[in-house]
Amino acid sequence: MNNILNEIGIENYIFLSVILFSIGVFGVLYRRNAIIVFMSIEIMLNAVNLLFVAFSTYHQDAQGQVFVFFSMAVAAAEVAVGLAILVSIFRNLGSIDINNLKNLKG
Amino acid sequence: MNVSLILIILLVGAFATYLAGDKLASKVALLFSIASLGFSIVLLNQYNLGENINFINQWINQPNVSFALNADGLAIAMLLLTTALTPIIIYSSFGNEYKNAKSFYALILFMAFAMCGTFLAADGLLYYIFWELALIPIYFIALIWGNGDVEERKKAVVKFFIYTLAGSLFMLVAFIYLYQKAGSFLIQDLYNLNLTASEQLWIFLAFFLAYAIKIPIIPFHTWQANVYQKAPTVGTMLLSGIMLKMGLYSVIRWQLPIAPLAAKEYMYIFIGLGIAGVIYGSIVALRQRDLKKLLAYSSLAHVGLIAAGSYTLTIDGLRGAVLQMIAHGFVVVGLFFASEIIYRRYETRVIAEMGGIRSQAVKFASLFMILVLASVALPTTFNFVGEFTVLYSLSQINVWFAVLGGTTIILGAYYMLKMYQHVMLGETNAKPFADVTFNEATTLVIIVAVLFFFGMYPKPITDLITPSLENIITQINRIN
Amino acid sequence: MNTNLALLLLLAPFLGFLFNIFFGKSIGKTASGVIGTLTVALSFAVTLYFFGQISVSKTPIQIQLFDWIQISNFKVDFGFLLDQLSVLWLLFVTGIGSLIHVYSISYMHDDENMHKFFAYLNLFVFFMITLVIGSNLLVLFIGWEGVGLCSYLLIGFWHKNQDFNDAAKKAFIMNRIGDLGLLIGIFIIGSLFSTLDYATLKTAITGATNLDLYWISIAAFALFIGACGKSAQIPLYTWLPDAMAGPTPVSALIHAATMVTAGIFMITRLNYVFDLAPDVQNIIAIVGAVTSLVAATIALVQTDIKKVLAYSTVSQLGLMFLALGLGAYEVAVFHVITHAFFKACLFLGSGSVIHALHGEQDMRKMGGLKKVMGITFITFLLSSLAISGIPPFSGFFSKDEILMVAFEHNKVLWFIASLASLLTAFYMFRLLYLTFFKEFRGTAEQKSHLHESPSLITFPLIVLAILATVGGLISLPTNSWLNGYLSPLFSKEVHEAHHFGTTEYALMAIAVIAGLVGIGVAYSKYIKQNQVPVEDAEITGFSKVLYNKYYVDEFYNVLFVNSINGLSKFFRDYVETTLSSAVFGLEKIANELAFQGKKLQSGSIGFYLFVFVIGLCTIITYLFLAQ
Amino acid sequence: MSTILIIFCVLAAITLATAFLAIFSRNPIHSALYLVICFFSIAGHYLLLNSQFLAIVHVIVYSGAIMILFLFTIMLMNLNKENEVHKPRITRLGAIVSFGLICVVLILVFINSKPIVGEYITTGEDYQSIKVLGKVLLNEYMVPFEFASILLLVAMIGTVLLSKKEKTEK
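The listed protein sequences correspond, in order, to chains A, B, C and D.
Quick note: the first sequence, position 69, residue 69 per this note's numbering, numbers continuous.
Quick note: the second sequence, position 350, residue 350 per this note's numbering, numbers continuous.
Quick note: the third sequence, position 157, residue 157 per this note's numbering, numbers continuous.
Quick note: the fourth sequence, position 60, residue 60 per this note's numbering, numbers continuous.
Bound conformation, chain A alone:
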């Protein structure tokens, strides 16, 4: 069986996932809408997942995929709780603009 990485190269996956991750960071910083911020976080998580899988193939080992599996579980849980929080914030404040959420201000 031919290793697919012979054709693509792990570097490309690394670059892809770095860029994807950076886009996620950019989104978190750029947008004010909490939902979009959440989405950006999902993008970052996916960038990491992609890298895990790529390296799993590189090492010919299942460990990486198991990690992806767990990270998905965590992501699912996080999204569920996070969105619930957003909903309750929206209920209380009528907005999910993160610039309005400054209760942590010292």
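Just so you know, these hints were derived from the structure itself, not from any lab.
All C-beta atoms in this analysis are idealised placements derived from N, C-alpha and C, irrespective of residue type, glycine included.
Relax, there's no trap hidden among the hints.
If you want the ones that stay clear, here's a sample from chain C, every Cβ over 10 Å from chain B, calculated:
1. Q64
2. N210
3. P392
4. H409
5. F415
6. A444
7. L476
8. T502
9. I510
10. L609
11. F610
12. V611
13. T618
Listed next, with one range per pair, are the computed distances between beta-carbon atoms:
14. A/S95 / C/F584: 37 to 47 Å
15. C/K598 / D/M156: 31 to 41 Å
16. D/I150 / B/K27: 50 to 60 Å
17. A/L101 / D/L21: 22 to 32 Å
Here are the simulated DSSO-like pairs of lysine-lysine, each with C-alpha atoms no more than 27 Å apart in a straight line:
18. A/K102 / C/K598
19. C/K599 / A/K102
20. B/K99 / B/K27
21. B/K431 / C/K25
Since the structure of chain A is already known, use the hints to place chains B, C and D on it.
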């Protein structure tokens, strides 16, 4: 039997006092403090018989901390001072009513516990813990039962707390550094360290900051007068009678033997600071309007002299310092109690509102006079023995130190007699002044008796402390 | 036996003190006075016993009681030394002390706190005995400070008057300045010779070959400062005139006869130290001479009867210091003794006068008392003659010896001393004339109450007057018992009885003539011309300067008291607040930092993330790219 | 260029483009939809790497569950309007700076690190079939696996509690 029992007695006493309830608290506290005094006398006896009363037990493995209590003559002397003054202080408070008395008396005993621990601890970290522990009760005593405007009091007390705490942190840093070097906090291991001169200097300075604030040596004294004024008299007595001595004792026990090179190198500076404190304190005391503040500044002057004596690094200096510490402990408690007696009757501490008391209260006037005289170190009082020895040690370093330090004889007489004149003498005061009650008289008489007895016969104490001090001197003069 | 007796000698007055303090009020005035007197008299009796013993055996009695203070290179015992000097001093301390106690029983009878007065007097005698019989310098120091304390208590005896309290305080503090000097001297001696014990010290000094003369001189000088404070010499003399605020018996006992001679006692005691420091001896002589002259000039114009006597005391003490400075210790001691007799008599006499006038002390309001107060007058006259140096009264012999010694050493000092004794004669007789001669100048009411004092007062006067008259016998110029008695004390040869040549007779004659001239001038001025000193406001010119004591008090006030008070105020108001605000400044800095740091916590998630990203990049750069 | 590389490039382009669009589109609904496409392309990557199980799980979890949740939430909040105010310029600048910075730094790190050997080993062993993964998960990673289930349970309970209207509120 070993010294840890004395700590247990005081700690148990503190809890028992708290549980006894407001009505019984003062009596239970007195009982336990007298028990601790009795026990320390038993310890003294055992020590004199040559029995081993030290206590050491591994406490924490990582870092290496032992629960080590070491009672040599010096520590026992300080222990006796603490356990003798505590009942006196508690007894002196019998004339006052305190809200939430059980907590008040429990805190006093707890403070005595922490102070005894500080004097006994032979392990750096344990010592540090006791050192800081002693701060907590006095903080609450001064804050809750103090007098004067609440906001001002809070300001003064918090300043005191943070200031002393900040100073102590430097000491903690020094201890951690020493631990890195020695791998143990035990005092003997710290003594045996071979530190370079520059290391010693930094450690010396770190210790100095902690002690200079606690003692206090000028210019670190600014917390003192205000706290003395604001704290309840019992708190002031604890502070000035015992707690200051923690700093002075620590200088002798920890600072000098651990960093002797620095102590020798910069001896003149530190003696100079002590003597500057003597002169400065005396001069500032001259024009104080508040009786307790005046006594605070007189205390500043006296401890300056004691500190100067300690920094001479001679056996005379150390011995004089310890004698003077004990003497000052008694006299200052007596003087503050006298101010309290006046306060109970006139409800003021402003000197200008007093005067003309002597013709109304003869007994009180005489006892107060004796305390004033002891404070100015009249021969035959204990203070003279200490002051003489300290001044002699100063003269061995440089005669001018003795001359400058000796100005306390003149200035001390000036401000104390001026104070006495305006507080006690003059035309009979229009406000009636009842003479001392039995309680008050007993307290003062005990103090006066102690001062005179040891003034004429200081040999027991000298014999007790001299071997320990000689050890410390050997430690200071060791060649690395 | 000796130990017990010495303890009895010492503790009898102390027991009297304790008794009077605790029970004096309840047993009544006279009883407390009697007890006070008896205890001192008991001491006197014991002293007589010791005097007899010493005179015969001529060996000092050493008594060690217990260890007192431990110093690294020596320890101080609590012990007594009874030798010729201390027993001599004890004789007149307890002797005159007893007389003055007797006097006080009557004098203080109207005072509500009489028992306290006797308690303090007893305490004073106790401390004075301690001072005298201590076997080392530190026990002397106990007494030294103790008598200062009693002086304080007794000057401020009428404590309701704040002026008196000020005077008491001043006395105590000025004494303490001297005490510091004494302490420094003790320190130096202690470190030089590792002992404070007189006997050991003497052997150490006389036996040693290479002594550190520089430090010995400094020690001697420091000790001399101590003596200055206690014996009221320039520059520390201003407390003594103010000390007259105390009751008159106190002035007689403490501020004339006994306490103020402590300095002379100490210097005589340590004569072997002072002999090694000729420079200091010169200083002592000069200070003594100058003091005697300055004080005599001030005494010329004073109008308060006690003030005149006070300055006279200072002046006489100056003469004694002159003798000490010239190394003639036995002469100084001789003058101390005669002075104790006649000055105590004078003070008690003035007390008798004041008693008769119900507290009036201004001489301008006296006069003509000769008629009503015969005994007082006669004793006063005898004493005045003695102090003026008229033969054959005691003062003549002692003063003459001082003048002779001075003449031998230095003519200038002799001249100053002679001038001082001329002035002494003048002001004493001015006092005498203004008080006892002519007509009474007080109010009519006072006049109606004029009376001779009761016998308890006149009895001590008579005894003292007799002593003042015949006291010179103990050291006649040709045959001096005193010199022989004291000779074991001195390392140098005691001055041999002078060869009586023409010079000596001439000097004697000059001294007597000077005294007579003084008396004559006073006579012409106050009897012949009938002058009375003018009121305070009208005093002009140089006499105003004199009347105001050369403004020394004011000068000291400005220089020391005001400056130290100003400094105190400055420290209190500015330095303290500055220091305090420096500490609070730290707090402010921390606060400001926290306030600025608080802004970082903006609550904006975006900002947090931005910082987080920057931090992450930094860490990654540091870890992976920094190599 | 091999077919596989071309496929990779296309997929990568779709991934990046949709990710960008998801962030830049002003309407949240559009964002969500772009994100769905993004996730599908990532699933494609997984398939490319021959991890079918993960690809399927990914589609189910992300595109299926998570994105549906997002869409529901957006609709629940009625956010399908383009009413979002832009952040101040400084914030945007900061976002761009950090985007560039993290990108550059990470890439530099990878470039600077030891170059990866050109040869990729192939053991031929089956390591990513469902069967193998199941064994690994339930043997070696059993405890974490169970924890994951607990986590999900807790998250579910938490979500329910959070989204429930508080009755005590006035």
